[in-house]
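Visitor: Spelled out from the first residue to the last, the chains are:
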Amino acid sequence: MKNCVLSINNLRKVFGETVAVDDLSFDLCGNEIVGLLGANGAGKTTAIHMLLGLIKPTAGSIRTFGEDFAGNRIKLLKRLNFSSAYTNLPSNLKVWQNLFIFAKLYGVPDARAKMDELLELMEITHLKNSITGHLSTGESTRLNLCKALLNDPELLFLDEPTASLDPDIADKVRKIILKIQREREISILYTSHNMREIEMVCDRIIFIHRGRKIAVGPSEAIIRQFQRKSLEEVFIHIARDGEVKDKEETES
Amino acid sequence: MNPRIIGALVLRYAFLYTRNWIRVVELIFWPTMELLVWGFLTTFIERQTTGDFPMFIRFLIGAMIFWDVLFRSQQAVAISFLEDVWTRNLLNVFVAPIRVTEYLAATFAFGMIRVTITVVLLAILAKMMYAFNLFDFQWNLIPFFANLLLFGWSLGMISTALIMRWGQAAEALAWAVPFMIQPFSAVFYPVDVLPAPLQVVAWMIPSTYVFEGMRTVLQQGSMAWTDFALATGMNLIFLALAGAFFAFMYDQARQKGLITKVASQ
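In order, the protein sequences belong to chains E and F.
This note's numbering applies: residue 1 is where the first sequence begins, and numbers increase by one.
This note's numbering applies: residue 1 is where the second sequence begins, and numbers increase by one.
Since the hints were made in silico from the structure, they are not lab data.
This list has only true hints and no planted wrong ones.
The calculated EDC-like cross-link candidates involving lysine to aspartate or glutamate, where the alpha carbons are at most 16 Å apart (straight line), are:
no.: 1; chain 1: E; residue 1: Lys104; chain 2: F; residue 2: Glu102
no.: 2; chain 1: E; residue 1: Lys75; chain 2: E; residue 2: Glu154
no.: 3; chain 1: E; residue 1: Lys75; chain 2: F; residue 2: Glu102
no.: 4; chain 1: E; residue 1: Lys179; chain 2: E; residue 2: Glu120
no.: 5; chain 1: F; residue 1: Lys256; chain 2: E; residue 2: Glu17
Hey, can you work out the whole structure from these sequences and the hints?
Guide: This is the structure:
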């Protein structure tokens, strides 16, 4: 039996008459990076927010580290973390103040040592006493990643971590993510609209369209399955073809 | 509830205040200006009239300080939530292992700290400028302030719940909610000034008993313990109802995906 950190079964979310996530099932098993892909409005963010407990599912179950997430949310949140390009840490606080607060919230034993270790890992030690709002986008992204790693998470949700970064900084961030994932054996659920990045970073991809899972597998398998030249072409094909049939669904 | 989490959240609010002078202005400047305006106005009226006016000044300045306790305690809860919305930090907080009760408890605790700072400042100014000694209330201050804090927390939870449900459009409620009850709570005048139907409304508001009690202490020098008991009883009911309302709205916000919407506004 596989040792999965995340098991989602028949997850469904309906807002009024809109089905945002429809019968979504997948597993995230030990030390892999899984990309959750889909066009805007496909249901990725809703799915991630359900996995974090920010949105209540209409139906289905989420098991995190083998336990029911809804019934053990606080306990399980201690073992995972989240970083998004669309959230910030309070801009008027100093970098160390933001990290220190979150270290305390997550109950990190030696908060100062942990902060120093992560700032060094992200190569932003020199910004420790800077005002968070004065950081560049790339520096903010790395600070968000520091926050996301404070509790040594076993499961990490990264929502477009390189959005709005220039190619150089995006490359640095990707390398850091891959390094920490390998070294710390973290399972990562990753979203991005950068298909090359997804190919570079993710072991496996889950494509969703209109809330439904339509393809699962390594990027090469998905490219072959849809008979396209690249993942980007697959993405465009799926985004523009609203009637992707269930029979196209595949498991690697 | 975990004291470590509550302590960390309180420390965060303290950091936010030390890093933003506008917050300090809010804590000191507005209450001071209010006290000065009310104080000078009553001094002016006193000079124009005869009769038992010193008591009137004491009523007004006392009411102003007491009102500030209620208002600041409500603000601490509602503004702390908005602070997370404004800094786009709400999701980071809500995906951390923090119970809603811990989040609220931290806003309550920080409200107490804010109120203490403001009240001490106002008490010093009122003594220096208008010979009004807040500490003439002696130990009666504790039950009065405790009741105002409790009611402020209830109003804060209601304001936050409404903001969570209706988002930015409801932000103004963070400031408006206390003023919705002010005319009926007999803050600056006794209940019997109100028309009869509004008197019924007034007696359904816990803070009314505190303001009436404050005037009784100033006038007669004795504590109206019946008023205190009624205020406390009603406050506990209000707190339970506000807590239930907050829990319901929080659940609705999670059902409808509103927390993420508010967070990204």
